[in-house]
Structures are given as structure tokens and as C-alpha cells.
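Number of protein chains: 6
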Amino acid sequence: MKGTVYIYRKAHFSASHRLFDPALTDEQNAEIFGGCSNPNGHGHNYYIEVCVAGVTDPATGFVVDLKAVKQIMQERFLAMVDHKNLNADVDFLRGVNPTTENIAIAAFRQIAPHIPAGKLYSVRIYETENNYAEYRGDHS
Amino acid sequence: MKGTVYIYRKAHFSASHRLFDPALTDEQNAEIFGGCSNPNGHGHNYYIEVCVAGVTDPATGFVVDLKAVKQIMQERFLAMVDHKNLNADVDFLRGVNPTTENIAIAAFRQIAPHIPAGKLYSVRIYETENNYAEYRGDHS
Amino acid sequence: MKGTVYIYRKAHFSASHRLFDPALTDEQNAEIFGGCSNPNGHGHNYYIEVCVAGVTDPATGFVVDLKAVKQIMQERFLAMVDHKNLNADVDFLRGVNPTTENIAIAAFRQIAPHIPAGKLYSVRIYETENNYAEYRGDHS
Amino acid sequence: MKGTVYIYRKAHFSASHRLFDPALTDEQNAEIFGGCSNPNGHGHNYYIEVCVAGVTDPATGFVVDLKAVKQIMQERFLAMVDHKNLNADVDFLRGVNPTTENIAIAAFRQIAPHIPAGKLYSVRIYETENNYAEYRGDHS
Amino acid sequence: MKGTVYIYRKAHFSASHRLFDPALTDEQNAEIFGGCSNPNGHGHNYYIEVCVAGVTDPATGFVVDLKAVKQIMQERFLAMVDHKNLNADVDFLRGVNPTTENIAIAAFRQIAPHIPAGKLYSVRIYETENNYAEYRGDHS
Amino acid sequence: MKGTVYIYRKAHFSASHRLFDPALTDEQNAEIFGGCSNPNGHGHNYYIEVCVAGVTDPATGFVVDLKAVKQIMQERFLAMVDHKNLNADVDFLRGVNPTTENIAIAAFRQIAPHIPAGKLYSVRIYETENNYAEYRGDHS
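Chains as they are written, first to last, in this note's numbering: chain X, 1 to 140; chain F, 141 to 280; chain P, 281 to 420; chain E, 421 to 560; chain D, 561 to 700; chain R, 701 to 840.
Chain X on its own, in the form it takes in the complex:
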């Protein structure tokens, strides 16, 4: 769309996880997932960054009201994952290996229905400063 502006909002959450495939032994998991398969889990200060794209509203100068985006991120994602164990405590990650990739996909699907259609451009999950994943939706 001509004159598209991309607007970003970032937020923080703390969570623990363990990466493993239940079909494999602890030894096989350790070989594939390294320290990330430690049976008692470990954790991260994660960041989520949501990008909404569109043209600005002439009256407000906003693509979207970021206060509303902040509230959606809080209610549909952060409230379920902050200070939680991603393997045990999160309904929308049930049965999913909580890799950075899968958290990004799940976060996109949690948030998209509450943003005006087609405007959610991407969701990034930072596991550390040095590792992160971005998802732009099931159709791109």
C-alpha cells in the first residue's frame, strides 16, 4: 500500500523452558538440543516486538493506537507467559517445543485476531540479545 508506515512496540517477559522431543531419550535430546534440554529447565529474559503496518489516520497521525496494541499484547500473550514455565503453564504452547521459532508463530496467532485485518506485519521474539526469530504470518 502506498505510504505505508511500520510501527513497532516492544515488551519484556521472563520465562523458563526446556527443549526436547518426547519421542527421544534424554541422551538423544541432549545431542540435538544441547544445554537447552536440561531436564529441570532454564530460562530467559525474552522480548516480544510487534509490528503493525498501514497508512496513518489523518486526524490522529496514528497507524494504530499503540496503547491498544500494548493492551492486546498484555492480555493475549504476556499475561500467559510472563513468570511462567513455557512447557507446563501455557495453553497455546501445549504440545509444542518452545523454540524461539515456535514462540514467535504462537504469539503471532494469539495477537493477529485482535488487530485490524491484515495490519499485523510481524512478530519477533528475542530469546537473548544474540538469538531471535521473526514470523510474518501463515500466508507469507
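Covered stretches of chain E, as calculated for chain X (at least 3 residues, CB under 8 Å):
| # | segment |
| --- | --- |
| 1 | 435-445 |
| 2 | 459-471 |
| 3 | 497-505 |
With a cut-off of at most 25 Å between alpha-carbon atoms, the simulated BS3-like pairs for lysine-lysine come out as follows:
| # | chain 1 | residue 1 | chain 2 | residue 2 |
| --- | --- | --- | --- | --- |
| 4 | P | LYS350 | X | LYS10 |
| 5 | R | LYS770 | F | LYS150 |
| 6 | R | LYS702 | P | LYS282 |
| 7 | P | LYS399 | P | LYS282 |
| 8 | D | LYS679 | D | LYS627 |
| 9 | F | LYS150 | R | LYS767 |
| 10 | P | LYS290 | P | LYS350 |
| 11 | X | LYS70 | P | LYS290 |
| 12 | F | LYS142 | D | LYS562 |
| 13 | R | LYS770 | F | LYS207 |
| 14 | P | LYS290 | P | LYS347 |
| 15 | F | LYS150 | F | LYS210 |
| 16 | E | LYS490 | D | LYS630 |
| 17 | R | LYS767 | F | LYS210 |
| 18 | D | LYS570 | F | LYS150 |
| 19 | X | LYS10 | X | LYS119 |
| 20 | X | LYS10 | X | LYS67 |
| 21 | R | LYS819 | E | LYS422 |
| 22 | R | LYS702 | P | LYS399 |
| 23 | F | LYS150 | X | LYS10 |
What the hints contain is simulated information worked out from the structure, not anything from laboratory work. All C-beta atoms, glycine included, are put in the ideal place defined by N, C-alpha and C.
Starting from the known structure of chain X, arrange chains F, P, E, D and R on it as the hints suggest.
Chains F, P, E, D and R alone, transformed into the frame defined by chain X:
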């Protein structure tokens, strides 16, 4: 273009702003813009990040001389906004609500005429570490 | 005190300010305070960092409950300065030039009475990443 | 000591923890420790920062060989906590509530015996960018 | 590709460089490259950020095993450039002016053959926090 | 002094260096200094952070005019080290191994004579985000 390189330059400025629609009352503005509509204004340490895209010059190894980009950013944007009030002091924001989106659009239009045609790829304005907007020009 | 632990909590606020001495002309103020004396003000994303020092409580492992410190910082300082004009909107800065130094002194005095006696070690105010001030109380 | 130089080395680790007092109920723990007492734990990207103080060696220009400090931090601390559960997996935290304060004390005691006597000045543990604790030894 | 996830890995290296065109005089080089043409060189803490794009493996939840990417970055790039002089010590930069642009192109070409075909999306080189370049391959 | 405020100013420079003891062989230097003794040098994005301590001036609210400190840092230190080789190009480091410690000591001595007597509290040199050194003067 084949072999495109994207080169980025970031710079800092401090400014104050107030978000409001002059057609509304203070109460209506407070409802839409929250604390950002405080009548005496508030402020930010903004960052601007300019991206220029193209192929490298075989002699210099540069897409563009970043020293020149730095000077254009200084003369066409930073000199007008640093240590200023974005509502009162900036000609190219006159009559515009100084949202992050509108600052990004205005910055792009200030800088584009001074960069070789078609090479200015994007301008980002960071209002805080957690909120920022990107504009890629009127035709994209 | 033997076995002292220093515990820190950082938080963010956005505010605008103008540095000037009302006894001087605009020209004299510009000479002393530079761009910071712009009559319409400018602004910053400030950070405040509070340090509390003491021995840990054997039951909780805490020097102090940081959730309580967070609430004191919110009620006694952030609520008065976030999204405000430090020259016009803040009672405890009335008649004070809002330099980083003076904001640090004022913040220390706002917070100290609500922390167990003698335990507030220092308050830092970051005006930008590159400029900040620390105050350790009127007696040190 | 005259001419003292303070030299710092920072490193990262990921771990999970749960704050709770085993003498209390889950409800009482939730009241004191908030989200940090979630029974399945949560986690952080922690940083440890070690400071060694002394005069420089005239031949090398070093207070201490930071490569040696890096190795001590690795062998005596990081190897035991990185990608671990601080409640279940770490011998030197057995029976201790893994608050930031207690991790800093434990890290100091793990590292001090391997640094030339009296030269370990402080250990900081960053739980997040906004919360951290510093310990300077049992005698200060 | 539908359902593409972009996964990023960042790493650090320290190196020195001098920018200059051997066909020019020192004075001409100083005019074009400024302080960067100082004959004895200068240096940077560079960062490289590699992005791999693809769909996730249903068993592991990975687009790619980042431990493998980390090892490829180490063996094919970091081992040759960390703590080196980019003009004198690096075979794959022989005869190339070590601008940020050219380092990004060279890093992409070093790493691409070791990543599953078509999956290496981009390589970024950060020369400083404020200057960086991105390359997405010879065909885009 | 009662009511002391500590005020900090940070600035950036890029430089290359090689750590070595001229009395030793390349092999011996490699053993002591590791990659830092690479004969062609390597480099860093250094930061210098200057702290001045004192009481505030009642008229200005300043401990010291940071614009003046900025100029002293520029003229007495940054102009000599930015975009330079610390082994070859810097008079005040002649004959000194350019470790982080020694750069901090030299920077303190360069700047102290130009700050009101006794007010320069400390100088920090950051070699990377993870390694830095602080000096507080020859008498402390």
C-alpha cells in the same frame, strides 16, 4: 537490483512534543492520546536511522559516502529538531501532530531530495527503545 | 556493615525541561545552557536508578522487597514526572533549575523517607545514555 | 592502595528459578514473592560482572590477566549455573532462596578463593536490565 | 514460502582496518575516507548478524540448528577476522577495501555455501552501534 | 563533602592496538596476551566515561558545566586517540602497553589538570561491553 547492499546510519536528538487534535477538548485529547497530551508537553531522546540501498562503487567500496549522509541528516533534519519543541519550533512539522509516524514521514521527505534518486530506502524514528516507526517513501 | 549487599532498581520516564536562570536574559541563558535553554523546551527519555544497601533477611533472601521499592518509586516520583514538563508541572522541582544534578537530589529526597532508615544508598538520573548524575544523600 | 585500578569482566548465563520459603504455603509465597514464586519456575538471561582491584604490573600493564579471570568465572560459576535450574541443579545454592542478592553472595564466595588475596572487589548479578545486586565480600 | 520464519544469530569480533584506494595519494585518501584512512589503521568492535529463513521442522521446532550456524560463523568467518587486521591478515578480503559494505558481502559469500541452499537470507555487519550494512546475496 | 553529586559524561572512540612486551618474543607475547598480541594489531570501539564530583552551584544547578567537560575530553584525549593506532600514533601512550588499565590511567592524567582541583573523581575506559577499567587518580 542484483547485489544490493543496505547501509544504515543512526543519530540522536532530544525534543519535546505534545500529541493533540486542536479540534478536540483537553478531555477528549487525554482520552485518545493519554499522558502524551499533557498541555505543557513532555519529551524524548529520539533516534533517527536512515537506510540507503544500492550497489557498491568498485573504487571506494561504498554504496554512498556515509560522511555525506551524516551531513545531510544534520543539515536537513537534526539542526531543526534537536533540543526543540516539535509542536512549536519545526517548520516542516507545522500543522502536523508529532506522532512517531508523522516524524518518520517528515524526516524521509526532508532527506530524500538530497540522496541520489531512488536510493533512500527507509527512515526509522525511535521514540523510546520500545516504540518506533519506519517509513519507506510515498510510493511503497 | 559487614556483608552488605547493594540492590538496584531502574525505571523509565519521559519529560521535557528548559534550563535557565530567571535572573538572566535569553541571550545570557543561551550562553550558559546552550540548546538546553531553548524557550519552548525540549525533552528526554530519562531513567532513574535507585540503590538500597543492607544485609539480607535470612527468611526471604531480600535486602528489601523490590516490589515495594518499585511502588515507592512510582508513587513518590514517577507519577509526578512521567509525561510532564519539569519546569511547570512538578511541585517538588518548583523554583529549581531541572538539571540532571537537581533532579537526582530531588528524587533522593522524595524517596528516602519511605525506605527503612539509612538504607537508601544512592539515586542516579540518566538524562541520556551519555550524561547522568548520582546523589548519595545530604550527609555524604 | 595508591594508584588502584578497577578492572571489570562481564559474562552471560541463562537459568530458571523459583523464589519461595519452604516453611510457607503457596498462597503465602505468592503474597511475598509475587510471580517469582510460580511453582513451575520462570527464568532469566542473567549477567555476572566481576571487579578485581589492584595496581598494574609494570611489565604487562595488567592488574590481573582477564583471560585467567574469564576461566575462573567459567569453571567456578558459569559451568554450574548456565542452562540450569537454580533451585534444583546447583550445589552451592542448595537450601538457599535464589534471589539476586543470594546469587551475588554465592558467586563472590565461589570466585574469591581463586583470585589473588584481597583483590576481588565486587560481584554484580543482573537479573534483568532493571534489577541487579552487588556484593563486596563478607568483611565490607 | 508460506509460513516462513526468520531466525537470527549475532556474534562479536574485534578488528582493525584502514580504508584507502592504493591508486591514490595519502592526501586524496584522507579527503575521501577521512579519519578512516589513518595509515596506521584504527579499529572496531564489530558485530555480525546472520539471518536464515525457512519453515520449521515439525520434530525439532527449528528452521535450522543455531548451534550449527554458530559453528559455521566461527569456522568460516570469525576465526579469520577476530583480533585481526582486515587489510593484512584476511585471505578473503585480499585486494578489497574493508568497508562495512564489503565485509558484509564477503561474510555472506563465506557462509552461504555451508547453509542449506537458498536459506541464508541476510548478513549484517555492525561497524559501530550507529553504522551498519546488510547484504542479501548476489541475486537480490 | 556533604551533598556531593557525581556527574558523568561518556564518549566514543575507535582505535587499534597491539598488546606486547618488546623484551619478549612473538611466541612469548602470544602466550601472555593471546589474540591481543597479533603483530598487525586489531581494534575496538572504545568508550571513555568521566566522572566529576562536587556540590552544585546554586545559580546554575551544575556541579560542572558538562559542555566544558565535553570540550576538555575532546581536546585532551579524543582528538589524540580517535581513529588512531594506540601503539604508534599517541604521544601520551609512548612506551606504554595500551591495556585498558593503562589507557584509563593515561586518560585520567590527560584530563585532570583541566578540571577544578580535586573534582575529577574517576575515568573509565570500556574496551568492549564486557571488559572495562576504572582509575580514580594517583592518590586513591
